[in-house]
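Model the full structure from these sequences, guided by the hints.
Under the working numbering, the letters of the sequence shown match residues 1 to 245, in that order.
Hints may be right or wrong, so weigh each one.
[Claimed, not checked] Once the Cα atoms are required to be at most 25 angstroms apart in a straight line, the calculated DSS-like pairs of lysine-lysine come out as:
1) K163 x K49
2) K211 x K33
3) K163 x K207
4) K154 x K239
5) K154 x K33
6) K119 x K59
7) K119 x K239
8) K33 x K119
9) K239 x K158
10) K207 x K154
11) K158 x K120
12) K154 x K96
13) K119 x K45
14) K49 x K59
15) K158 x K59
16) K158 x K33
17) K41 x K239
18) K45 x K154
19) K41 x K59
20) K96 x K119
21) K207 x K49
22) K211 x K120
23) K163 x K119
24) K41 x K120
25) K239 x K163
26) K33 x K49
27) K120 x K45
28) K163 x K211
29) K41 x K163
30) K158 x K211
To be clear, the hints were calculated from the coordinates, so they are not data collected in a lab. These numbers were taken from a predicted model, which means no experiment stands behind them.
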Amino acid sequence: MQNKTSTSTLLASFFLIPLFLLVGCGGNFNWDKDVANITGKNLEKWLRKAPFTNELSQKDKITNITSLFPFLGQYYQGQGRIVPLHSSHLDTVVYKQETVIYQDPAWGELFLHAMLLHKKDEVFLNNFYSESGNPFFEENAMEIFHVANLYETKVASKNNRYKTAIYWAGTGNRSYLLGFYQQGQLVMEATIPLVDSDTTRVLNKLKEVNKELNLNIPEWEQANPADLRESGTVGTFWKTDLPPY
Numbered sequence: 001m002q003n004k005t006s007t008s009t010l011l012a013s014f015f016l017i018p019l020f021l022l023v024g025c026g027g028n029f030n031w032d033k034d035v036a037n038i039t040g041k042n043l044e045k046w047l048r049k050a051p052f053t054n055e056l057s058q059k060d061k062i063t064n065i066t067s068l069f070p071f072l073g074q075y076y077q078g079q080g081r082i083v084p085l086h087s088s089h090l091d092t093v094v095y096k097q098e099t100v101i102y103q104d105p106a107w108g109e110l111f112l113h114a115m116l117l118h119k120k121d122e123v124f125l126n127n128f129y130s131e132s133g134n135p136f137f138e139e140n141a142m143e144i145f146h147v148a149n150l151y152e153t154k155v156a157s158k159n160n161r162y163k164t165a166i167y168w169a170g171t172g173n174r175s176y177l178l179g180f181y182q183q184g185q186l187v188m189e190a191t192i193p194l195v196d197s198d199t200t201r202v203l204n205k206l207k208e209v210n211k212e213l214n215l216n217i218p219e220w221e222q223a224n225p226a227d228l229r230e231s232g233t234v235g236t237f238w239k240t241d242l243p244p245y
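This is how it looks when you write it as structure tokens:
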């Protein structure tokens with residue numbers, strides 16, 4: 001896989017997550033003790049502990065973020081995708097979520113995303129995502145689709161406390177290392193671009209994220225570059241019949 005960091009991929013100076021990705025504040029939430037300790041009960045501050053700089057503002061009303069990252073916050077349960085309600089106080093599935101986007105000088109465009117669920121039901125990623133073009137940024141937007149494919153590596157684990165995996169994400173001519181983690185109510189993902197085909201460097205950066213966010217995921221810490229080879233399997237991804245892996 002090859003990827004080159006480029007600020008030219010940005011089509012606007014500022015991004016805003018669509019309304020369904022905004023943080024919700026309503027409804028009662030019973031915090032799991034471990035999740036509360038990890039996040040400090042504040043997803044926004046927690047994600048910003050990640051070792052990156054040059055965060056992009058999210059004040060503009062128009063965004064092409066889903067064009068760059070079609071898989072951002074796209075989680076699945078049961079028979080389909082989790083779609084948070086606009087009125088968060090009425091949402092019985094998602095309590096709140098937060099996304100932080102960076103245009104890091106050393107790494108380029110990347111994001112971290114976290115979601116809090118009311119229930120501890122298992123969450124999955126899909127291995128294929130597609131988003132239509134944005135008419136504010138692209139001519140013939142209705143004819144354009146931005147697609148992303150996820151590929152399993154050897155790093156995948158599931159136990160009574162958490163599940164985790166490291167994937168490669170390919171979108172356009174860019175490749176990202178994607179760390180996925182669920183611990184009960186908490187679901188999070190972090191993506192880091194692959195720069196100059198240096199898998200050791202990008203893996204080490206994911207390990208920094210692991211440490212700075214107080215996740216302390218053993219599978220991330222113990223992973224080596226050989227573990228990042230595509231496995232050619234699809235066992236951890238969402239399926240309608242949800243077989244165990």
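Verification of the hints:
no.: 1; hint: K163 x K49; result: holds (22 angstroms)
no.: 2; hint: K211 x K33; result: holds (19 angstroms)
no.: 3; hint: K163 x K207; result: holds (17 angstroms)
no.: 4; hint: K154 x K239; result: holds (19 angstroms)
no.: 5; hint: K154 x K33; result: violated (30 angstroms)
no.: 6; hint: K119 x K59; result: violated (31 angstroms)
no.: 7; hint: K119 x K239; result: holds (20 angstroms)
no.: 8; hint: K33 x K119; result: holds (14 angstroms)
no.: 9; hint: K239 x K158; result: holds (17 angstroms)
no.: 10; hint: K207 x K154; result: holds (16 angstroms)
no.: 11; hint: K158 x K120; result: holds (14 angstroms)
no.: 12; hint: K154 x K96; result: violated (31 angstroms)
no.: 13; hint: K119 x K45; result: holds (23 angstroms)
no.: 14; hint: K49 x K59; result: holds (21 angstroms)
no.: 15; hint: K158 x K59; result: violated (37 angstroms)
no.: 16; hint: K158 x K33; result: holds (20 angstroms)
no.: 17; hint: K41 x K239; result: violated (31 angstroms)
no.: 18; hint: K45 x K154; result: violated (31 angstroms)
no.: 19; hint: K41 x K59; result: holds (23 angstroms)
no.: 20; hint: K96 x K119; result: holds (12 angstroms)
no.: 21; hint: K207 x K49; result: holds (13 angstroms)
no.: 22; hint: K211 x K120; result: holds (24 angstroms)
no.: 23; hint: K163 x K119; result: holds (15 angstroms)
no.: 24; hint: K41 x K120; result: holds (16 angstroms)
no.: 25; hint: K239 x K163; result: holds (16 angstroms)
no.: 26; hint: K33 x K49; result: holds (20 angstroms)
no.: 27; hint: K120 x K45; result: holds (23 angstroms)
no.: 28; hint: K163 x K211; result: holds (17 angstroms)
no.: 29; hint: K41 x K163; result: holds (21 angstroms)
no.: 30; hint: K158 x K211; result: holds (20 angstroms)
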